[in-house]
Amino acid sequence: LSWDIPNIECERFPAYVRQHRMPDDLRLTDCTTAAQVHGRRGRAQVSRDDNAYLSVALIVAGTEQLDYGDGRVIVLPTGAFTLWDSTKPLTFTTSADLRQISLMLPHEMLLQRLPQARELVGRPISGLQGAGGLFADHLTSLLRRLPEMSGPAQEQAVGLAVDLLGLCLREQ
Numbered sequence: 002l003s004w005d006i007p008n009i010e011c012e013r014f015p016a017y018v019r020q021h022r023m024p025d026d027l028r029l030t031d032c033t034t035a036a037q038v039h040g041r042r043g044r045a046q047v048s049r050d051d052n053a054y055l056s057v058a059l060i061v062a063g064t065e066q067l068d069y070g071d072g073r074v075i076v077l078p079t080g081a082f083t084l085w086d087s088t089k090p091l092t093f094t095t096s097a098d099l100r101q102i103s104l105m106l107p108h109e110m111l112l113q114r115l116p117q118a119r120e121l122v123g124r125p126i127s128g129l130q131g132a133g134g135l136f137a138d139h140l141t142s143l144l145r146r147l148p149e150m151s152g153p154a155q156e157q158a159v160g161l162a163v164d165l166l167g168l169c170l171r172e173q
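Just remember that the numbering used here sits 1 ahead of the position in the sequence shown, which is counted from 1.
It should be emphasised that the hints constitute simulated quantities derived from the structure, not laboratory data. It is possible that some hints are incorrect.
[What the hints assert, rightly or not] Distance ranges between label pairs, derived from CB positions:
id	residue 1	residue 2	range
1	G134	Q66	21 to 27 Å
2	G43	A154	35 to 41 Å
3	K89	H39	14 to 20 Å
4	Q130	L161	16 to 22 Å
5	T88	Q37	23 to 29 Å
6	L168	A35	33 to 39 Å
7	T141	Q117	23 to 29 Å
8	G43	G134	32 to 38 Å
9	V76	G134	15 to 21 Å
10	D25	R146	31 to 37 Å
11	S48	L112	31 to 37 Å
12	S151	P78	20 to 26 Å
13	R171	G43	27 to 33 Å
The C-beta atom is built at its ideal place from N, Cα and C for all residues, glycine as well.
Model the full assembly from the supplied sequences, consistent with the hints where possible.
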């Protein structure tokens with residue numbers, strides 16, 4: 002996805018990103034930052050992308066502020082996650098010590114399983130207990146174990162993550 006990330010004055014970009022691409026255009030991303038990073042997805046960036054995603058951002062360490070451009074601004078602490086829509090503008094600011102795991106799901110896939118998903122964009126959910134904790138644990142484990150798994154096993158494990166996400170979102 003396209004982002005506008007202003008130049009950061011340092012010797013090297015202070016973030017590390019590893020992304021796993023899976024069948025059906027699913028993506029699982031692990032991102033860490035060593036410095037505060039600010040970025041935005043405005044109309045220009047949104048219009049450059051062909052695919053539409055509903056994505057989960059799980060904060061494993063640090064904090065992240067998300068500004069949805071419609072008056073909603075949330076701050077996600079360690080252990081929290083939320084859903085965001087790649088077809089809408091979004092601005093983010095990370096803490097200097099962020100680690101975030103993102104699960105990018107094509108709109109159609111998530112909306113088939115959870116038709117009201119768009120209405121749940123921008124609601125912070127605790128990943129420290131209950132169904133949210135189960136989802137966060139599964140997503141963290143999935144990121145670690147995905148390279149060891151065959152394609153069919155990856156698809157089933159990601160399907161479980163989507164089912165757990167649906168459980169969390171239905172409880173909102």
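Checked hints:
no., hint, in the structure
1, G134 with Q66: 21 to 27 Å, "holds (23 Å)"
2, G43 with A154: 35 to 41 Å, "holds (38 Å)"
3, K89 with H39: 14 to 20 Å, "holds (18 Å)"
4, Q130 with L161: 16 to 22 Å, "holds (19 Å)"
5, T88 with Q37: 23 to 29 Å, "holds (27 Å)"
6, L168 with A35: 33 to 39 Å, "holds (34 Å)"
7, T141 with Q117: 23 to 29 Å, "holds (26 Å)"
8, G43 with G134: 32 to 38 Å, "holds (34 Å)"
9, V76 with G134: 15 to 21 Å, "holds (20 Å)"
10, D25 with R146: 31 to 37 Å, "violated (19 Å)"
11, S48 with L112: 31 to 37 Å, "violated (21 Å)"
12, S151 with P78: 20 to 26 Å, "violated (36 Å)"
13, R171 with G43: 27 to 33 Å, "holds (32 Å)"
Of the numbered hints stated above, those contradicted by the structure are hints 10, 11, 12, listed in ascending order.
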